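Single-letter residue listing:
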Amino acid sequence: MIRFAALLDALLFTPARNGKLRLMQEYFAGAPDPERGWALAALTGELAFAEAKPSQVRDLVLERVDAELFGWSLDFVGDLAETAALIWPAPSPSHPQPSLPRTRGRVREGAGPSLSRDAGEGLTGTLARTAGEGGAPRAPGEGAGAHVPSLTEIVETLRLASRAEVGRHLAPWLDALDATGRWALLKLVTGGLRIGVSARLAKLALAEWGGVEPAQIDEIWHGLQPPYRALFDWLEGRTARPQVADLPTFTPLMLAQPLEDADIGGLDPRDYLAEWKWDGIRVQLVARGGEKRLYSRSGDDVGGAFPDIIAALPAAVTLDGELLVIRDGEVAPFNDLQQRLNRKSPSPKMLREFPAAVRLYDILREGDEDLRGLSFAERRRRLEAWYARAPRPGFDLSPLVPFVSWQELAELRDGARARGIEGLMLKRADSLYIAGRPKGPWFKWKRGALTIDAVLMYAQRGHGKRSSFYSDYTFGAWRGDELVPVGKAYSGFTDEELRRLDLWVRHHTTRRYGPVREVEPGLVLEIAFDSVHRSTRHRSGVAMRFPRVHRIRWDKPYREADTLEALQRLMN
Amino acid sequence: MTFLKPLSPHPETWIRTTPAGLYCEPGNFYIDPVLPVARAVVTHGHGDHARPGNGAVLATEPTIAIMRQRYGDDAGGSLQTADYGEATEIDGVTVTLAPAGHVLGSAQVILDYRGGRVVVSGDYKRRPDPTCPPFEPVNCDVFVTEATFGLPVFRHPPDTLEIDKLLHSLRLFPERCHLVGVYALGKCQRVLALLRRAGYEEPVYMHGALFALVELYERFGVALGPVLPCLDLPRDALKGRIVLAPPGALANRWTRRLPDPVAALASGWMRVKQRAKARGVELPLVISDHADWDELTATLAEVGAEEVWVTHGREEALVHYAQSRGFRARALQLIGFEEED
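In the order they appear, the protein sequences are chains A and B.
Heads up: the first sequence begins at 238 in the working numbering, then just goes up one per residue.
Heads up: the second sequence begins at 207 in the working numbering, then just goes up one per residue.
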């Protein structure tokens, strides 16, 4: 547990992706089985046990710590698990925290003890005792010679425990661990590590460390169980890749490159098929071996939130499509889908008011036949034939968009926004289904961005390589004479522009709030964004999707920047 | 009041807080005054305790040297040094300095007046520190304690573990430089000494602002190993190196000369993750020159004072604790002390 706790602690503070990868790889290489397997399960969110409630943790602490001191500490630290981890008193009998003995009835002799350097026995004795207490702080697990639990022991115990029992198990572990170990334990048992590592990143670290393609792990992932001994055996070259036939595992998706306007001249329109890029989320539907799954593009199982889709899915097929809310044949705005995505298990009312559907793009497997080796045109024929045999509510086909010239297609794309569509997809008719983002076979050609001219209001320091630069910008629009913050952007500029922006921020700072600087109004940023929506969570009442700095308008008077009203007009 | 000799006046009658700081009335001097005064006793060289412009100053020899280094001619009108344990008589008050274990030269001030004794601890810690003598507990009637880390969440881990964390990161990211934020007085030299004790013998690179005090420590016999400036070095020369800089330089433009630095900060505040995150610290090192909660509370018991005055820091928690343990305790509202470390 000590090692796993150190890993979580380091991951929490390491902002760079490469740094996180290296930390995880070092851990996988050094930790034994089954410890590292449970760690992998924790990092990928695959651990399941009855979570402790925050109140259980609080009660455990208050049995040992003065309530007033705990309250002040919690106010200062801000996080319950962390406060509990830090304040948890040492159980050592030589250090009885709650009832510190106190020297009473001291007898003063003369002018008190000698203060010279060769002080008498009394002073040296006192010092020696101090060294045993404050002077030589406890090392992990030193407390009363307690047994330091392994992650394996913790997980195996908690998997069998009811929620009420969790508290009883926690206390002796907390006694045995050091502060970092206690923090990691409490984060683990209260759910949600929040250390900035996605399941995707953990699997990527594993793949790099094992020298295999990430797709090779993805394909078998959902057929494996923690603590993943077979997986580690394979990655360390002791056995062949585990077989997971007939399980509804995730097939890594094929993704598209963005199409730059400059690219298009070199492409022959006759090689490509076009289809709409719908504004939902990309999903994969798998029915295999009697089970059904709905996976997000990163391979997370999101079926629980969409029982309507799962119910409608027929057997023995793997499909690729866009998850949408569709009412009366019309695609609803992305915000409606968001309502469904936010619910782990939707109410019947939600299911009625936000009916989910999948618009199908592709078919990857039919019965026992893997279709990924066929061309896109061939797979499309198979998809249409499959759909013709099994049409059902909740699914429809994403139609192909016929076109002859790029010019014609460009005009269609320009009309996409008015129809609530994100843009177009171009797929080579002869493209095989290849996991990842190969350059060439598939392109996404998004609708043109919207832009506004906004005024820079706050700037925040970046992370990692940008930690000495003010690189995250909050910008505002005018409401009467007042600037209202409407969004935040941290990309879209060159390194040279970043240097100039940073300098501008430093020279125009009016106030500082920790890593944030407020600047005087004066610099106009042209912000490009995909769309804007109503939001109750922002003071301005609007939220932008994908905002980035399009141009820096060094020349433009800030009074001439856009109004909030102008931004609101772009909503729908 | 049963604990004082019948004839001893209560210390409240001869020592009190004023806008200029803690004032000893019969001796007519201040301890760590925040405004210029005629006579000052200074516990240690940190800028919020040792200020320029006083008339007469009494302090340990290293503290006087640090003040000279920092303030030059403005260090004080007359500068008088006292060894630890050496008594100085000031108008009927006996002033004696005892080691505080905080930084080189740091002292507790022992005030004896008509049979009563007050110990002003200044800033202190109880951990061993290779760069200064350890804190000596002194029995007294009133103990004036700091409370920088006066909350029970502050229990510093062993400094050796923190140094191991730094050396481990250095091995894991050999292509990056490790930039460690350290206060110029105390923390800088302690981190250097701890690195040497851990067997790290490479030169340590430093921000220009850190050299003067490192040299001063060396003059007082504290060996800190090879240190080099990082000015005018090619970027790549600092790959895999440790660079020390004042905390303020951690995220400022000075760091742009460094190859992809891992930002570390050696401070007791790094115990709280949000604090470290908010400062953009990638490698928090919990190394403090102040007593943590366990040290503060153990020290209260040890010095045997019936009464405790708590100053600069989280006074209310330590006062609450002391009262619940049967001490008479109150917060001294001193102003002008910074949340350093």
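The set of hints was computed from the structure by calculation and includes no laboratory data.
None of these values were measured; they are calculated from a predicted model.
Any given hint could be a false lead.
Calculated lysine-lysine pairs in the DSSO-like style (CA-CA distance at most 30 Å, straight line) [said to hold, decoys possible]:
{"no.": "1", "chain 1": "B", "residue 1": "Lys445", "chain 2": "A", "residue 2": "Lys793"}
{"no.": "2", "chain 1": "B", "residue 1": "Lys483", "chain 2": "B", "residue 2": "Lys445"}
{"no.": "3", "chain 1": "A", "residue 1": "Lys725", "chain 2": "B", "residue 2": "Lys371"}
{"no.": "4", "chain 1": "A", "residue 1": "Lys793", "chain 2": "A", "residue 2": "Lys683"}
{"no.": "5", "chain 1": "A", "residue 1": "Lys676", "chain 2": "A", "residue 2": "Lys702"}
{"no.": "6", "chain 1": "A", "residue 1": "Lys290", "chain 2": "B", "residue 2": "Lys483"}
{"no.": "7", "chain 1": "B", "residue 1": "Lys479", "chain 2": "B", "residue 2": "Lys371"}
{"no.": "8", "chain 1": "B", "residue 1": "Lys371", "chain 2": "A", "residue 2": "Lys586"}
{"no.": "9", "chain 1": "A", "residue 1": "Lys581", "chain 2": "B", "residue 2": "Lys445"}
{"no.": "10", "chain 1": "B", "residue 1": "Lys445", "chain 2": "A", "residue 2": "Lys290"}
Structure-based check of all given hints:
no.	hint	verdict
1	B/Lys445 - A/Lys793	violated, 43 Å
2	B/Lys483 - B/Lys445	holds, 24 Å
3	A/Lys725 - B/Lys371	violated, 35 Å
4	A/Lys793 - A/Lys683	holds, 28 Å
5	A/Lys676 - A/Lys702	holds, 28 Å
6	A/Lys290 - B/Lys483	holds, 26 Å
7	B/Lys479 - B/Lys371	holds, 16 Å
8	B/Lys371 - A/Lys586	violated, 53 Å
9	A/Lys581 - B/Lys445	violated, 47 Å
10	B/Lys445 - A/Lys290	violated, 46 Å
Violated hints, listed in ascending order, are 1, 3, 8, 9, 10; each of the other numbered hints is respected by the structure.
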